[in-house]
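One-letter residues, chain by chain:
Protein chains: 2
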Amino acid sequence: MYRTHTCGELNISNANTKVVLSGWIQRSRDLGGMTFIDLRDRYGITQLAFNMDTNSALCEQARKLGREFVIQVEGTVAERHSKNLKIPTGEIEIIVDKIIILNKSEIPPFTIEEDTDGGEEIRMKYRYLDLRRTPMLNALKLRHKMAQETRKYLSNEEFMEVETPVLIKSTPEGARDFVVPSRMNPGEFYALPQSPQTFKQLLMVGGYDRYFQIVKCFRDEDLRADRQPEFTQIDCEMAFVEQEDVLNTFEGLIKHMFRVVMNVELEGPFPRMSYDEAMSKYGNDKPDIRFGMKIRDLSDVAKGKGFVVFDNSEFVGGINANGCAEYSRKQLDELTKFVTKPQVGAKGLVWIKYNEDGTFKSTIDKFFTEEDFKLWAAKFNAKPGDLILILAGAKAQTLSALGTLRLEMGSLLNLLDKKVFAPLWVVDFPLLEWDENAKRFFAMHHPFTSPKPEDIEKLDSNPGDVRANAYDMVINGVEVGGGSIRIHDQKLQQKMFKTLGFSDEDAEAQFGFLMNAFKYGAPPHGGIAFGFDRLVSLFAGLDSIRDVIAFPKNNNGRDIMIDSPSKVAKEALDELNLELKKKEK
Amino acid sequence: MYRTHTCGELNISNANTKVVLSGWIQRSRDLGGMTFIDLRDRYGITQLAFNMDTNSALCEQARKLGREFVIQVEGTVAERHSKNLKIPTGEIEIIVDKIIILNKSEIPPFTIEEDTDGGEEIRMKYRYLDLRRTPMLNALKLRHKMAQETRKYLSNEEFMEVETPVLIKSTPEGARDFVVPSRMNPGEFYALPQSPQTFKQLLMVGGYDRYFQIVKCFRDEDLRADRQPEFTQIDCEMAFVEQEDVLNTFEGLIKHMFRVVMNVELEGPFPRMSYDEAMSKYGNDKPDIRFGMKIRDLSDVAKGKGFVVFDNSEFVGGINANGCAEYSRKQLDELTKFVTKPQVGAKGLVWIKYNEDGTFKSTIDKFFTEEDFKLWAAKFNAKPGDLILILAGAKAQTLSALGTLRLEMGSLLNLLDKKVFAPLWVVDFPLLEWDENAKRFFAMHHPFTSPKPEDIEKLDSNPGDVRANAYDMVINGVEVGGGSIRIHDQKLQQKMFKTLGFSDEDAEAQFGFLMNAFKYGAPPHGGIAFGFDRLVSLFAGLDSIRDVIAFPKNNNGRDIMIDSPSKVAKEALDELNLELKKKEK
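Each protein sequence line maps, in turn, to chains E and H.
With the numbering used here as the guide, the letters of the first sequence map in order to residues 1433 to 2017.
With the numbering used here as the guide, the letters of the second sequence map in order to residues 1433 to 2017.
Okay, chain E solo, but in the shape it has when bound (with noise of 0.2 Å):
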């Protein structure tokens, strides 16, 4: 062994006790007559002195030792003359008898401190120095702990960890699906997971009653928006429920977690909110509710009155924002500007000041009378000192650019405290989706997603209009998990299938297994996912799911540490049997 305690154990009751330590040189400052070194390992940092006086020659040792080099180092703990008390070990130092180095280091290409100043390519390409930094290694003991709770409440509820296959079907629908080449099957291909649900499915029909998983996940699409091609879900599926039962069960890891690793009590229930209410009241399915600035509908009161520009528009709606009616001219431009991206994709801003003496001021004042902003205002409970912000256009846009424009204020107003939690279900989803280019219908979670028994009637008269009995669990504006009851019965699956336009062989070439199960005893299930990374991300009060992955995919899905993806040998091709395309000219 290399040392006899950590650089994070040892005290004031360790006084005049010989340890040996190792670890890293965070950083030394020679003050001449003494000289201190920071060594770090995982657990803390010792600070070190040598004495110019008493050990001269320790001392020059000491002093060329160089950052980030590897030492290990006898000594005595002593009483430090002046005390850190911002560190469990900063009442102490070692006075060193002893140095030997395990292993040098060139000067890191950026520094290992809390804040860098490695840009993020760097730090990728580097990223076992990146994992050095306090904040890499705090993500990193947060998401260890998080698995570990999330492993300890599934299984006390009685859930079984079962791992899945990684290496499974690939599937003609699976457009975004990983293949991975046979070497035993010349010509044949695994696919990777999207995720394991057909197989959690089977394990209900196998009678295993609570599965759960801590499980990678592949797609192989474009990495827009924060992702990554293998991420990390928690996987769960149980039989013999309703809805209500998924809700409660999963709502009970979620406060379970929130409980023994933040220490923040989530009280009472978790708000239930309609997909419908959602779409209307905050312009999207992951509303971030720890807010209010709800969308209003003005439609009925602002078409009608003679400004052409609500009067052919589908929809006009609008946000309040409390005590902004003193915002300047160009405060309002920036807001124009933020709408009208096309991103945000509005045509332009109507904005109505309720002035703190009553009277209002807008940009549409010839248009409408001081009764009709009257009227608005109180559509939203405005006060006098309030800025009214409204869109108009086609209904569904005008929505998603009015719940976007709800967060940036949101966020302009400091109302997006990290320190607040606020988690809400949100449910009653659509079945289906049409899509426009498609001219089909495609299901919004996915084929196996039970419609609500009372809508099932109006699968063939009205698919849009079915709901589903999915969920998503939502946490301040992040979609942190979403599941669905399943369908259990071979025939309405086989109806389901036929909906979202399979043919008959289709359907049995992709999922006859799943089908054949069904015939033998399946039973009711369902079961929800949640995306570790994001949940992790959360919990941190990062942003980005990179920073609470060790090693992560930059946005072209490579890891530019290892240089992968890379280029295969023809002869490991040729094994495969297969070639690379010649490149058309």
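Some clues are possibly wrong.
Said to hold, decoys possible - List of simulated lysine-lysine pairs, DSSO-like, C-alpha gap at most 27 Å:
| # | chain 1 | residue 1 | chain 2 | residue 2 |
| --- | --- | --- | --- | --- |
| 1 | E | 1762 | E | 1779 |
| 2 | H | 1648 | E | 1648 |
| 3 | H | 1648 | E | 1999 |
| 4 | H | 1648 | H | 1557 |
| 5 | E | 1923 | H | 1496 |
| 6 | H | 1726 | H | 1769 |
| 7 | H | 1999 | E | 1999 |
| 8 | E | 1584 | H | 1584 |
| 9 | H | 1718 | H | 1648 |
| 10 | H | 2002 | E | 1871 |
| 11 | E | 1648 | H | 1584 |
| 12 | E | 1923 | H | 1557 |
Claimed, not checked - Listed below are several chain H residues computed to face chain E (Cβ distance under 10 Å; list not exhaustive):
| # | residue |
| --- | --- |
| 13 | 1562 |
| 14 | 1630 |
| 15 | 1677 |
Don't read these hints as lab results, they were simulated from the structure.
C-beta: ideal position from N, C-alpha, C; glycine also.
Could you slot chain H onto chain E? The hints should help.
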């Protein structure tokens, strides 16, 4: 919720309680006046009772229910007349008021009982039904528990579970790598890891100090023996340790597992045996030390006496089978047949019976005297009544054949008790193995294994004699884990690559990132990986790892349930810039 209780929890204390249960029909018995149904779920079996006299309609309904139907029943808990004290619910039954059929079942293709009538092929095709059988359920429960306990133990020992990537770098050396074409980077490939070896070493460079992961690994090779293309490892690494620290730590893990999972206390430190001793005394590097019957070298006493077979052999050795002197001609012929099978590879078998009366009888009586045999017997500590079995030939092959014969005799003599667990460490492995075909050395473990410091100087002069800081944990003749202290010095690692015949360019292309990492303060480190599937099957007393994997593949790497691997559409290959090679005619 479809139930108030599970089928495993009701007992006499619940008498007269109204309950709702859901589950599968295990079997039903129609006794004329009464019909009984065993209702099964993951937690147990509860008897349902239907009385023709009191509710004939319901009883008629119950009689029509087939095996494996999924039903929900409402009823009242009542004390049974004829109790079954073998199961926890055996004192009660449910007097049923109402049956709801949740799902029907066709007649399963094999009987879902403890011992099924289904062959392995059909059981794998209908794996979801096979999983309903108690032995499968128990194996997966055990697996879950072992995973949980591994994580608990290692977390308490300050190990952090860190997820390493599944999509890594393909290397020319990785002939058995699965490769994964990247859609975003056409013409380039990821590889699936055979182990997280380099990543865990990078975590040590990153200061993580103690890492573990229960992780899927992949190998694309013929699945002779009992292998799977994807398998699970308990992968571990520690910094600032020497071999002794690693052995002690993981002895602790395995002892903990035996204690809490099997209720078996493994006393004292595990024995350590050198590779040389294992090879010379047991004929292989994973000795089963549940029994003795060690191999003895007879070369010095058996050669030079005129028996040409011995005289022309590099090596003569044998084992002593206690109490087998009475073996019949037929039994001895069978042993001869066994050792001359191609897999064992001996040319023939020489036997010497040490008769109860102190005389000897042997196949080679005419070449050796009674005095010779006495001397040989003394080498084995043989007693009258024993049977000495001797093989001769090239040393390595003969030792190996003797090792196999020893295990066969152990099996015949019932010395391989599955309830006895005999762990040991095999240590001091050679660092390198000479490959006669390739005319070069290969790393016996992998190229990151450190040589013993005292042997480093032999790396140039006599590489085959260099021993490694490598170790295997062996239990009952099964290698359950193996690992090594790693090289942490960049120069030594470079020398190692050179010894293994890597050009500088190849070493750089494949492991440049690791060599680079070693420049920035790599600590001394080492680790181990346990084959989790193997460990579970050992604990479960099962011979095949397929029996402890929920959805295994067959010997051709096929999942016959989902019919994978399979063809993919040309369009999918186009996107990957790949095409299947035309078959040559």
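A quick look at each hint next to the structure:
1. E:1762 to E:1779: Distance ~18 Å between residue 1762 of chain E and residue 1779 of chain E Cα, so the pair holds.
2. H:1648 to E:1648: At roughly 10 Å apart (the allowed maximum being 27 Å), residue 1648 of chain E and residue 1648 of chain H satisfy the hint.
3. H:1648 to E:1999: With a Cα-Cα distance of about 24 Å, the restraint between residue 1648 of chain H and residue 1999 of chain E holds, given a limit of 27 Å.
4. H:1648 to H:1557: holds, 23 Å
5. E:1923 to H:1496: holds, 22 Å
6. H:1726 to H:1769: holds, 21 Å
7. H:1999 to E:1999: holds, 23 Å
8. E:1584 to H:1584: holds, 9 Å
9. H:1718 to H:1648: holds, 24 Å
10. H:2002 to E:1871: holds, 24 Å
11. E:1648 to H:1584: The hint holds at about 21 Å.
12. E:1923 to H:1557: holds, 22 Å
13. 1562: Because about 8 Å separates residue 1562 of chain H from the closest Cβ in chain E, which is inside the 10 Å limit, the hint holds.
14. 1630: holds, 8 Å
15. 1677: holds, 5 Å
Taken one by one, the earlier hints all hold for this structure without exception.
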